[in-house]
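2 protein chains.
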Amino acid sequence: MILIFLGTAGSGKTTITASFGGYLEKNGNSVGYVNLDTGVKKLPYKPDIDVRDIITVEELMKEGYGPNGAIVESYDRLLSHADEILSGILELDEELDYLLIDTPGQMESFLFHEFGMRITSGLKEPLAAYLFGPDILRRPSDYCFVKFFAIMIDLRLGTTTVPVLNKVDLIREEELSSIRRLLEDIDYLNARLKLDPSMQGFLAYRICSFLPEVSPPVRVVYASAKTGEGFDELETLSYEHYCTCGDLT
Amino acid sequence: MILIFLGTAGSGKTTITASFGGYLEKNGNSVGYVNLDTGVKKLPYKPDIDVRDIITVEELMKEGYGPNGAIVESYDRLLSHADEILSGILELDEELDYLLIDTPGQMESFLFHEFGMRITSGLKEPLAAYLFGPDILRRPSDYCFVKFFAIMIDLRLGTTTVPVLNKVDLIREEELSSIRRLLEDIDYLNARLKLDPSMQGFLAYRICSFLPEVSPPVRVVYASAKTGEGFDELETLSYEHYCTCGDLT
Chain A
4 MILIFLGTAG
14 SGKTTITASF
24 GGYLEKNGNS
34 VGYVNLDTGV
44 KKLPYKPDID
54 VRDIITVEEL
64 MKEGYGPNGA
74 IVESYDRLLS
84 HADEILSGIL
94 ELDEELDYLL
104 IDTPGQMESF
114 LFHEFGMRIT
124 SGLKEPLAAY
134 LFGPDILRRP
144 SDYCFVKFFA
154 IMIDLRLGTT
164 TVPVLNKVDL
174 IREEELSSIR
184 RLLEDIDYLN
194 ARLKLDPSMQ
204 GFLAYRICSF
214 LPEVSPPVRV
224 VYASAKTGEG
234 FDELETLSYE
244 HYCTCGDLT
Chain B
4 MILIFLGTAG
14 SGKTTITASF
24 GGYLEKNGNS
34 VGYVNLDTGV
44 KKLPYKPDID
54 VRDIITVEEL
64 MKEGYGPNGA
74 IVESYDRLLS
84 HADEILSGIL
94 ELDEELDYLL
104 IDTPGQMESF
114 LFHEFGMRIT
124 SGLKEPLAAY
134 LFGPDILRRP
144 SDYCFVKFFA
154 IMIDLRLGTT
164 TVPVLNKVDL
174 IREEELSSIR
184 RLLEDIDYLN
194 ARLKLDPSMQ
204 GFLAYRICSF
214 LPEVSPPVRV
224 VYASAKTGEG
234 FDELETLSYE
244 HYCTCGDLT
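Protein sequences, first through last, are from chains A and B.
Sequential numbering of the first sequence, starting at 4, is according to our numbering.
Sequential numbering of the second sequence, starting at 4, is according to our numbering.
A few of these clues could be false.
[Unchecked claim] To be clear about the criterion: a stretch of chain B counts as covered by chain A if any three or more of its residues have a C-beta under 8 Å from a C-beta of chain A, and this derived list gives those stretches:
no. : segment
1   : 22-31
2   : 70-83
3   : 87-101
4   : 110-116
5   : 147-158
6   : 168-180
7   : 193-207
If you're looking for bench data, these hints aren't it; they were derived computationally from the structure.
Here a beta-carbon is modelled for each residue, glycine too, at the ideal position from N, C-alpha and C.
Construct all of the structure, not just a fragment, from the sequences and the given hints.
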């Protein structure tokens, strides 16, 4: 089973790759780790495949690139190695129970770059976990943004995508229950959006009203890479996805 | 008038800021330049406001951060300066005909970070130009992705967003006319999507069928920061947006 962790820089991909992997191993599974981030300095897990063996952002910066240019250039250069990386991943997946893929620090290096599509399109039924933090959920329209963003990932990479609210250990109980309601109860979210008189609120309302028609309501996972909360749910989802090929309603 | 250039690293934001600004100045306009990219090394324009006066990614990397961590940290630190940056922008906007804002190298540092929302929500009727290159348009579903991504920017930042296909100088004439048809003729795009038997194709078809209901068909600009192609259209759009407050159908 292949699980890809995706999310913006700082969303906790690397930490959850290590801690969820540790959880799976403790439960008796064999687990492989793939690092696709050319910019990470230290990893809290031992990667079986590591793109930094081919190229790193820091090397490119020493060649004179700025940080943004170096990130883009690193994936341009990895493109010619995409087939060998993919074969390595497929081989590991045959041998092991779980394969966890930690993606580039900047999500756009994966979503918008040919490299990300080359890797994901070669995988058999991968499940993507789209990590986001509570900090991006400030207004009702942000909930609509997050839900649609998961669908955008599906559309771009062809993966089934589960939204994972990470860092729930940072949220108080009452706040979490309000977040859960806005993420799970589409009628409630729409009622809240209807009260927003801004153009943004109106756009969010139209987009969200349409959500159930575009995509079935995929479950949201509430996780903490720190405390292990939600790991049982993530394991169940990975397994269900593997058995049912993508139906996670 | 404020025009914000947005797009992934390498989409040409900085180059078009300089060359479109030069074009506007040549036509007798007074133009101001704002750089919000903490990671850029050299700018081809002279910024009136430059976030690198406050913090740079390279400084943070010298403190020990990796490139991704340094990018995130730079915007975390800029957050406490958001009000002063915003006042500076509003003051310049009063004095000048055009104000061009060049955003962070990594688009997600702007779209997903509180800093981007703080800046954009304080601006009066800004127009955002969402730059993308022909390299991300490989399959019909990618056209759907790009069109919806512009709406996602609207939703997140509350800006009116114009999709700008940049680097058209790199495309052959026949290729460009095929791209234009897929970007502009939604019925044609839907007919193509209907032929795609993959899950991804089916999702794209459902999303695209719904597009006209969510958002009126905004015009697409075909531009080249190198040759100046499309600059007249971009100028017209900025002006129309300013006069009609957002109706760019």
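Do the hints match the structure? See the list:
With a cut-off of 8 Å between beta carbons, the segment 22-31 of chain B has 0 residues touching chain A; three or more are needed, and the interface restraint is violated. Beta-carbon proximity to chain A at under 8 Å applies to 6 residues in the segment 70-83 of chain B; the threshold of 3 is reached and the given coverage holds. Judged by the Cβ-Cβ criterion of 8 Å, the segment 87-101 of chain B is not covered by chain A as claimed, because only 0 of its residues qualify and three are needed. Evaluation of the coverage hint for the segment 110-116 of chain B: fulfilled, as 4 residues show C-beta separations to chain A shorter than 8 Å, against a requirement of three.
Counting residues of the segment 147-158 of chain B whose CB lies closer than 8 Å to any CB of chain A gives 8, so the stated coverage by that chain holds, three being the minimum. Residue count for the segment 168-180 of chain B with a Cβ under 8 Å from a Cβ of chain A: 0. That is fewer than the three needed, and the coverage hint is violated. Only residues whose C-beta sits within less than 8 Å of a C-beta in chain A count toward coverage, and the segment 193-207 of chain B has 5 of them, enough to reach three; the restraint holds.
Figure legend: structure checked against the earlier numbered hints; hints not met, in rising order: 1, 3, 6.
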